[in-house]
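Engineer: Below, each chain spelled out in residue letters.
There are 2 protein chains.
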Amino acid sequence: MSYNALPLTKLIEQFASLPGIGMKTAGRLAYYVLTLTKEQAEEFAHCITDAHQKIKNCSVCQSFTDSDVCNICSDTSRDKSTICVVESPRDVAAFERTREYKGFYHVLHGLISPMDGIGPEQLFVKELLLRVSNDDVKEVIMSTNPTVEGEATAIYLSKLLKPMGVKVSRLAYGIPVGGDLEFADEITLFKALENRNEI
Amino acid sequence: MSYNALPLTKLIEQFASLPGIGMKTAGRLAYYVLTLTKEQAEEFAHCITDAHQKIKNCSVCQSFTDSDVCNICSDTSRDKSTICVVESPRDVAAFERTREYKGFYHVLHGLISPMDGIGPEQLFVKELLLRVSNDDVKEVIMSTNPTVEGEATAIYLSKLLKPMGVKVSRLAYGIPVGGDLEFADEITLFKALENRNEI
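Going down the list, the sequences are from chains X and Y.
Following the working numbering, the numbering of the first sequence begins with 1 at its first residue and continues without gaps.
Following the working numbering, the numbering of the second sequence begins with 1 at its first residue and continues without gaps.
Same shape as in the complex, but just chain X:
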């Protein structure tokens, strides 16, 4: 794209390397950045390096935090008996948005995927087992995604955790609230039927 100046082309490529951003959107974003004031552009750039430098894994749950222990793990009002195991820090944010879950989390930072060469040793499994053995944990909720890797990881972890005397549960399958039955796949509909509740 010789009709774009090099610094602009480079910025477009940076935006295009982000997930879900194609070349057209990247172009729109890059042109938008050029319309910002000098201070705004510098603030944007600073936020990227700043977040990248300051954010690290919580020493307890492995979620993202800028201190040693994250806000959730240092909240003594939460229920110590429950740990919700998730794939990524984004899943923690998703659960927090429900404002209903009051237990703690554990972030694996991935799922077991032999196809991609990812085994339990690449994930924060050891740290989870240590927490369960030390703390007063009564239940571990497997909240990995309902995919092949998510299921496999949930089953693998449950086999390690059950002998430690804790209850291991899995998120319920069913139709999403506000969804349309017509578009639900067969397995979801079957699970929804199977796990039906009396009203």
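None of these hints come from the bench; they were simulated from the model.
Any given hint could turn out to be false.
If several chains are the same, the list does not tell them apart, and a pair holds so long as it fits within one copy or across any two.
[To be verified] Computed cross-link-like contacts, DSS-like style, restricted to lysine-lysine with a CA-CA straight-line distance of at most 30 Å:
| no. | residue 1 | residue 2 |
| --- | --- | --- |
| 1 | K24 | K102 |
| 2 | K102 | K162 |
| 3 | K10 | K167 |
| 4 | K54 | K10 |
Guided by the hints, dock chain Y onto chain X, whose structure is given.
Structural biologist: Just chain Y, lined up with the frame of chain X:
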């Protein structure tokens, strides 16, 4: 969102301030940035400030460039007799992608819009008139968007340019190639019918 660390929240807000990026996508992008290596994150931040510092308006056509005169304006093989007037530098990129237009451009950096308090004096109209009066320009193609503001700007400029002895033309209206007649609006379809060509 107290469950996100402050630097992360700030980064999400920065992404969310970009056009067409909602809070969910912003979150996805910010979390992705945290998975980059230190070098990649710094390169991204650098590209933003670098593009913002180095990119300026071409002294001839007012499009974005990192030198005094842009690649297109300094290309002597192009057709000096034609100037294509567009709203923004992104439109220049769109025309260049056709690989068919060989003339020059002029970027107005906006459209006349009395509702938003934008008059001709806020746009690069003076510079266009100067170019038309000095150079060997034979035709000015009004390539502003087919909106109320785009039309008004095209008509305003044509009234200034015609007395200078140049041909002033407007992009053709019609059905977009690959489009579906069913979804074409009445005005577009009427224009396509009106401007039909013999085959």
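Engineer: With reference to the structure, classify each hint as holding or not holding.
Structural biologist: So, going through the hints one by one against the coordinates:
1. Taking CA atoms no more than 30 Å apart as the test, K24 paired with K102 passes between copies only; the shortest distance there is 23 Å, against 42 Å inside one copy.
2. In this homomeric assembly, K102 and K162 come within 30 Å of each other (Cα to Cα) only inside a single copy, at 22 Å, whereas the closest approach across copies is 72 Å.
3. Taking the closest pair of Cα atoms, K10 and K167 never come within 30 Å of each other, the shortest separation being 52 Å inside a single copy and 38 Å across copies.
4. Taking the shortest alpha-carbon separations for K54 and K10, both the intra-copy value of 26 Å and the inter-copy value of 12 Å come in at or below 30 Å.
Hint violations for this structure: number 3 only, all remaining hints satisfied.
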